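K.L.:
From just these sequences and the hints, can you work out the full model?
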Amino acid sequence: MALTIHDRIRRGALNGALAELNVGSTDATGDCRLLTAADAELAQVLFGNPAFAAATSPGGSVAEAQTNTMAADTTVTPGTIGKIQWRDRDNVVLVSGSVGLAGSGADMILSDTVIPADATSVSSPGLSAALVLV
Amino acid sequence: MSLLAPVMRAGLKLRGTLQFRRADGSVCKEVELDGVLPLDLDLALEESLEPPHGPDHP
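As given, the protein sequences belong to chains A and B, one line each in that order. Just so we're aligned, residue 1 is where the first sequence starts under our numbering, counting upward by one. Just so we're aligned, residue 1 is where the second sequence starts under our numbering, counting upward by one.
Hints are computed from structural coordinates only; laboratory data are not their basis. Remember, predicted model here, so these are calculated numbers, not experimental data. Since no wrong hints were added, every one of them can be taken at face value.
Only some residues are given here: those of chain A computed to face chain B with a beta carbon under 7 Å:
| hint | residue |
| --- | --- |
| 1 | I109 |
| 2 | S111 |
| 3 | D112 |
| 4 | I115 |
| 5 | D118 |
| 6 | A119 |
| 7 | V122 |
| 8 | S124 |
| 9 | P125 |
| 10 | L127 |
| 11 | A129 |
| 12 | A130 |
| 13 | V132 |
Examples of chain A residues lying across from chain B (beta carbon under 10 Å, computed):
| hint | residue |
| --- | --- |
| 14 | A17 |
| 15 | V76 |
| 16 | M108 |
| 17 | L110 |
All C-beta atoms in this analysis are idealised placements derived from N, C-alpha and C, irrespective of residue type, glycine included.
P.N.:
Here's what the structure looks like:
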């Protein structure tokens with residue numbers, strides 16, 4: 001007999017994981033940090049609070065959630081992005097991974113890893129998280 | 001030996017767009033982000049399937 005998992009399990013697991021971004025009291029929100037390979041911060045896009053809207057089940061074995069409005073960072077440092085972090089409101093790193101171009105073998109793939117010299121701010125129209133559970 | 005583990009295979013997929021802007025507000029670069037973080041879940045359900053042990057269950 002094949003194992004079956006109700007969509008509520010997937011949504012609950014994703015909602016629980018993403019709610020961790022809202023934990024803490026030091027900052028108003030969690031954040032998504034872009035760093036160099038040597039851990040120097042280049043930019044920090046702020047999540048909303050809560051960071052993500054409730055997960056939905058678009059079908060199949062996937063639960064998805066979209067970020068609520070994210071605030072722009074106006075203190076961007078030009079450079080090459082080598083790492084990404086998602087942190088909660090107390091700046092605890094919840095997700096951390098390497099960043100690179102396609103084929104680099106990095107955890108997270110960016111279509112371009114260089115923050116241009118004339119960039120003064122960075123924002124995101126939205127990020128999505130999807131939990132595949134089979 | 002685990003009878004059922006791994007019972008669930010999971011991955012967290014993160015996607016999105018980052019927009020870098022100039023001082024005048026115009027977009028100087030738009031970057032797509034894509035990644036999958038593998039999650040290995042081993043619920044070790046075999047323990048709940050084993051027959052009870054102890055003095056009440058010889």
